[in-house]
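Peer 1: Each chain is listed here by its residues.
Number of protein chains: 2
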Amino acid sequence: MADERKWVYGFDEVEDAEAYVGGSWDSVRGLMGGKGANLAEMTRVGVPVPPGFTVTTEACNAFLAAGAQFPGEMWEQALSALKHVEDQTGKTFGDASNPLLVSCRSGAKFSMPGMMDTVLNIGLNDEVAAGMVKLIGDERFVYDSYRRLVQMFGTVVLGLDTEPFEEVLSEYRKRFSVDNDAALPPEALKEMVERFKGLASGFPQEPIDQLLLATEAVFKSWNGKRAFDYRNAANIAHDLGTAVNIQTMVFGNMGADSATGVAMTRDATTGEDHIEGDFLINAQGEDVVAGTRPTKAMDDMAVEMPELYGEFRAIAKNLENHYREMQDMEFTVERGKLWILQTRDGKRTAQAAVRIAVDLAEEGLITKEKAVMKVTPDQVDFFLHPQFSVEAKKAAVELGSKIAIGLNVSPGAAVGVVAFDADLAEKWAKEDGKKVIMVRPETKPDDVHGMLAAEGILTKLGGRTSHAALVARQFGKPAVVGVAALDIDMANRKMTVDGKVVREGDWISIDGTIGEVFLGALDTVVPDISDPWLKKLLGWADEFRSLGVWANADYPLDAQRARQNGAEGIGLCRTEHMFFEPERIPVVQKMITTESDEERRQALDTLLPLQREDFAGLFRAMDGYPVIIRLIDPPLHEFLPSFEDLTNERADLRIRAAGGEDVAGQLADTEEMLDRVEALREANPMLGTRGVRLGIMMPDLTKMQVRAIIEAACIVTKEGVDVHPEVMIPLTSHVNELKRQQTVLEAEAKIVMEEQGVEVDYKFGTMIEIPRAALTAGEIAEYAQFFSFGTNDLTQTTFGISRDDAESGFLIDYLREGILTENPFASIDESGVGRLMKWAVDEGRATRPGLEVGICGEHGGDPKSIDLCHRLGLDYVSCSPFRVPIARLAAAQSAITHK
Amino acid sequence: MADERKWVYGFDEVEDAEAYVGGSWDSVRGLMGGKGANLAEMTRVGVPVPPGFTVTTEACNAFLAAGAQFPGEMWEQALSALKHVEDQTGKTFGDASNPLLVSCRSGAKFSMPGMMDTVLNIGLNDEVAAGMVKLIGDERFVYDSYRRLVQMFGTVVLGLDTEPFEEVLSEYRKRFSVDNDAALPPEALKEMVERFKGLASGFPQEPIDQLLLATEAVFKSWNGKRAFDYRNAANIAHDLGTAVNIQTMVFGNMGADSATGVAMTRDATTGEDHIEGDFLINAQGEDVVAGTRPTKAMDDMAVEMPELYGEFRAIAKNLENHYREMQDMEFTVERGKLWILQTRDGKRTAQAAVRIAVDLAEEGLITKEKAVMKVTPDQVDFFLHPQFSVEAKKAAVELGSKIAIGLNVSPGAAVGVVAFDADLAEKWAKEDGKKVIMVRPETKPDDVHGMLAAEGILTKLGGRTSHAALVARQFGKPAVVGVAALDIDMANRKMTVDGKVVREGDWISIDGTIGEVFLGALDTVVPDISDPWLKKLLGWADEFRSLGVWANADYPLDAQRARQNGAEGIGLCRTEHMFFEPERIPVVQKMITTESDEERRQALDTLLPLQREDFAGLFRAMDGYPVIIRLIDPPLHEFLPSFEDLTNERADLRIRAAGGEDVAGQLADTEEMLDRVEALREANPMLGTRGVRLGIMMPDLTKMQVRAIIEAACIVTKEGVDVHPEVMIPLTSHVNELKRQQTVLEAEAKIVMEEQGVEVDYKFGTMIEIPRAALTAGEIAEYAQFFSFGTNDLTQTTFGISRDDAESGFLIDYLREGILTENPFASIDESGVGRLMKWAVDEGRATRPGLEVGICGEHGGDPKSIDLCHRLGLDYVSCSPFRVPIARLAAAQSAITHK
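In order, the protein sequence lines correspond to chains Z and R.
Here the first sequence is numbered in my numbering, starting from 265 and rising by one per residue.
Here the second sequence is numbered in my numbering, starting from 265 and rising by one per residue.
Simulated from the structure, these hints should not be mistaken for laboratory data.
Incorrect hints may appear among the rest.
Identical chains blur together in the list; that is why a pair holds if it fits in one copy or across any two.
Straight-line Cα separation of at most 20 Å, EDC-like style, residue types lysine to aspartate or glutamate; simulated pairs [unchecked claim]: (1) 1102 / 1043; (2) 489 / 503; (3) 666 / 768; (4) 484 / 322; (5) 1003 / 1086; (6) 1003 / 1077; (7) 666 / 751; (8) 1003 / 1081; (9) 1163 / 806; (10) 461 / 435; (11) 666 / 655; (12) 461 / 390; (13) 1027 / 832; (14) 967 / 1081.
Please build the complete structure, drawing on both the sequences and the hints.
Peer 2: See below:
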């Protein structure tokens, strides 16, 4: 037996556990689960924790692998640990004269709120209950505890439905005209125990059997559907297993000097350094979490139980200092004695995450680097989620469409149609592409798929730590909970609020930042980064990162926003977007369709001043920073009406002509346009005449664009603007294309600069978005002064997947079936596209040391792709102006991680 | 002056030239030109060569670079060399009493027949002519020579048109009723000299001026348009320059004991070891080449001048042994004395090239390796050019449509419409896509562009060594020349032959292998490789090559042909080609369009036995060899009617419906099919749902194909066939696709083998035709037992060029403008696609040593691409059955070159 594994650790054996797994905190958590490790750690640092022990995740995995058989001596070790608890408490498990009651809870390495199962009050049976009544004299409390045990055991361990139990409860509440279980008389509770035992016929009277079956149930719940789905959604590995924590029960429902609560050491919504939470006097923990009784705020506890609050606050600060992180704690006061039942790192909103990280650093608890690492790029993204515009809100208030206020538990504005259950919410969102607000009385783990699919969540019940609040915050969904004013009529699929009826499918808007609910769909705006904590955090990020962060912007307004968000250059201005503007498109069509050189030149002359003004605006906005302007890219036929539309139009006109109408003129026009469109049509336009190929085919177009760029640069130079234009050639596949375009460009630029009498220091470079360009980067760098990876096209050609088709076609199947684990258009495919990029960077810089290399594909704003760009040694990433703050943080995190 | 460069070398100074350039024969030819080097070399080995000297190509380049200025002491060196020639001949340049006459000819490193310019009889003027008449007493000869000098000087040096000179000649022939210039009386020739001097007013009387201007003209002709175009067509560098050869004139037109001729040491058409050529008694060389007088065969010379013929044959054999190559010689007999004016490697037909190479090796003059290197893959291609079918010829003869016989100067059958000039031939061929036979009285250098564009060439005049014959042979164009029966009426764009009128645009057929001309378009067949010399040569090639040569074949008949041509396996069987067969397409359409699983299974069940029989046929044909079968590849919509057709059909039906017709049923059918086609349509089908993506979408289709393959393999195994099937997955981009397909395949194969009670040793592998597959080849090789490069698709994606569009679009412009020097779909782009291939081979074999790697794209039959495949270490190339012999030779040449 010397080498029998240790499957069970007492809370006072954390050193043993550390010794077994090698001492790292992460591995202790892996072995004991987050909750167990924290209970043990708290015990070590002297926090008052009810005695108990942990059965390890290794035991869980061994149990599951063996087909639901406890491994080796595990159960014997548990019994021996139980004996130790009896020694610590002076009580005996199953002894009616002085009974020890315990809870049995799951505790995995990563917190999975509400996902796993819990059984309380284990150890009670008819005999022990009777003994306890004798001992403490409170029959109501004892039988309330007993009926809770039977109910939980029935639903959690025996897998029974909750409804029959709730019906009985409801019946008694009605019979005694009370709205609170705690107000039921003892005889009612006693009767209920019998009724419950009738429902839960497998409930064992033997306390040790209760404990054994509960432990097995927790192990088994690891592979339950709810847990499995949650892990998939939260990206948690399926092979970690859960630990089981057996802990002495303490009771918050032993009278007015008892209480229970959950609290965060800081405000989980704003991050403010102030204890926030909910508590209830004379209640058990699940009453708080489930939101079935209206809770009080922790500030009330400060008034009602000032000494205990003071003690709690001291422990909270102690734990926060110990973990150097904001804590989420559960506590119980049993007859005036404070017990801490659990602590863990607190979930928080994006805003709170930022503020807490900054505050902790400024308090000296963590370094700036650590603060930068603590906030995820996604959190910065959520931070910058849309909010309702001031005007929209004002109008809504004036119209009386603001219908309710609730708890602002997860920030951001969300607009959608009401769906009253998770399945419908998911169906509408995924299949019909609707924006949905999921509205529920309260949410449960079974609702998570609907919450993930919805834009936002609205509930009648629940507090800041309710299931709805926790899940919404974790996944960044705006949520308003505890809106008591909602009168939800599930049977008729409608709700009434403030005298107004909202039916399923009606539009509503919710503001998770301040907790308001509106009728109809309100306009949203995107916030800037003026929050002082975010500003500070991003400033620190800028100190650490080596990648530059630029933005893709086609218009001066976009460039201004990008600059406000911290962009240090424009990595991509798509000149064709200027061509697509409604008032310009007829001129562009003329340029394309005319067969007269003179007409084409006139069209180009008309476009020149428009483009010049666009460019000048960009240069002014980016004074002092580089601006990369890409010459025209898409296939010409994109500027013309669609072939299908024209074909249908022709068919209609022919039918009208056959019917005797005089449409000959229209028909001739349509057919002429159809001819042009057909001539420019290609079987595979993505691989066709676009990009530089177009520039070579139409050198006058290249010339016009170059002239517009250089004229604009000269003009703003005269205004005193510090301008750094970089002209970028798209879709290069062969160095000769570049040579050819460079000749046209340099000649025209020279002429313009002589005309204007200004010398502009411009760069000439190319997109790397075709595999051949990457493969021949060494040759291309002889002519190109900079590279910019166009990873959308590069992914397309490297994978042989048309983005136009695949994202609505087989790519979806591939992702669903796991053939691809990630959408390569969302995050760069490192083993394929990444290899090409590495080759291009290395070969390009071998030819031209110091070659400027960046990325302007949509991947430029994706943190995982940014990390790759950092490792490849790129100079900058360029992304949407909205993602600039995210990219700044992600770039810093890469720099710190790979330091 | 000690370091003044030597610009001029006497024919007797070849050792000096060798010493200057370092001794290699190639560099001597580079310096002295092919003709000059050969004259010097002949002088060294004792062949009777008229004395002379060579002005080097370096002088030409220096002259051209200096803006038409002779470099340094060049002219002084030439005069001194001329003095040496005077010493050798005992005659004096410009001395009327004993005049030396010289020729001045161009001579570049590579022979450019008829492209460069020649001036004969330099040194004649009024005074010298009079002196010569006194000296040799033959006034007719002297003034004939003089008028030739003036004519050539006028056209070549002064750049005058030939027509006025020809008109004068024509006038005199008419006046004296002779059809042969040699028959004109001396006084006529004397008058003509005066007339010609009138036309050529710049003709200098001073002999040394004649020589100087002629030398300059030859230099300048290097950059003339004709020469430039020829070099482009023949892939000769433009910076080589031409040498000038000044050589003592000898005269074949000094009476009946004089003659001139050109002859090959072997038959240039068949390769037979027999002197073949043309000669004329009492004539000058250009009379033979131009074909203006009917020539005699060399066999006639053996009868008419037996001793001289014997002497010539001995020299011919001597030179052939010296150069170890068949020689093309020019000779002149002046009053019974044989002079050799030129020797060079003889141009020959493909058949002759093969036979001569084999014969030379068997005669011990060259090694087998050398023989293999002597024949170009293109020549083997020409060898296997189409020929008229026996039936077609028989029918044509019976119908009387065989209209003429001429000289079979360049083999192969050609069919096309008649074009009477080069510009029209080129226009029709290039712009209108017509097949053209160019018909001319004779051809000149100006006609080359038309000859290149035409399918074949037919001329009235000219012999085996005529311009038409030489050019046709070099470019592999079938040609029949010297068809005296043709009566060409250029003014009315028609010809009459055998009483039949053929107008421009009418179809004719010519057989260059035996010299026949037919009315109409005859059927052609493709020959096999039964020629004994070719067989022997390819056998030697097989000894040297390390690359296997396999073939792409979809049908048993193709496989048989491939095997006859030497294929050692099938590298690609495209299973979808079987689906496209007219009787199968309705079943295939049903399979695709049905929404009933049952109907789909029925359709697949119908296809199964058809595919099985196809595969069984292939396996039988390739008994003992591997057969790679690729699972279905193209996008499904390719099997359905086109979207455009259906749209038009629908429009028509709607118009008919609007007109009151009852077409409701048809309209509904059309709309239903249109819906299906639209559902399967993609914006970029080349990058869409095809290849393995289809197999994953329709696993039943994969299963059916696997079943057909394995069932067929089992069946033929039972017949005793040694079968080696390899199942190939197309369009793989990620290893997971392969894993997924492998699971389906192995399960089905196992079932079939158990059903059949036969164990088949099959391989599982993949196309590498997507850049990502090449980049992740290391991972892919964990599952794939073989790779096959699909270089068509790989080029498409690596370049980002759609083959469907580009080859009719911008790619043509790119090639014309030199942005690309080669069509990457014809020859593998080594710097782009080639790099990916190298990566894939290296990474694939790192994972799986000995991984079988081949190529099955169309590049597999391209010699340049084959060379790349050899260097990359591929196991085999797979190409069209027709190109298998070419690939065998090309593979051997690569092996020898890179040994």
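Peer 1: Hints first: check each against the structure and report whether it holds.
Peer 2: These are the hints, each one checked on the structure:
{"no.": "1", "hint": "1102 / 1043", "in the structure": "both (15 Å within a copy, 18 Å between copies)"}
{"no.": "2", "hint": "489 / 503", "in the structure": "within (15 Å within a copy, 78 Å between copies)"}
{"no.": "3", "hint": "666 / 768", "in the structure": "within (18 Å within a copy, 88 Å between copies)"}
{"no.": "4", "hint": "484 / 322", "in the structure": "within (14 Å within a copy, 92 Å between copies)"}
{"no.": "5", "hint": "1003 / 1086", "in the structure": "between (38 Å within a copy, 17 Å between copies)"}
{"no.": "6", "hint": "1003 / 1077", "in the structure": "between (42 Å within a copy, 16 Å between copies)"}
{"no.": "7", "hint": "666 / 751", "in the structure": "within (16 Å within a copy, 101 Å between copies)"}
{"no.": "8", "hint": "1003 / 1081", "in the structure": "between (45 Å within a copy, 13 Å between copies)"}
{"no.": "9", "hint": "1163 / 806", "in the structure": "within (15 Å within a copy, 58 Å between copies)"}
{"no.": "10", "hint": "461 / 435", "in the structure": "within (16 Å within a copy, 135 Å between copies)"}
{"no.": "11", "hint": "666 / 655", "in the structure": "within (14 Å within a copy, 93 Å between copies)"}
{"no.": "12", "hint": "461 / 390", "in the structure": "within (11 Å within a copy, 142 Å between copies)"}
{"no.": "13", "hint": "1027 / 832", "in the structure": "within (17 Å within a copy, 55 Å between copies)"}
{"no.": "14", "hint": "967 / 1081", "in the structure": "between (49 Å within a copy, 19 Å between copies)"}
The structure agrees with every numbered hint stated previously.
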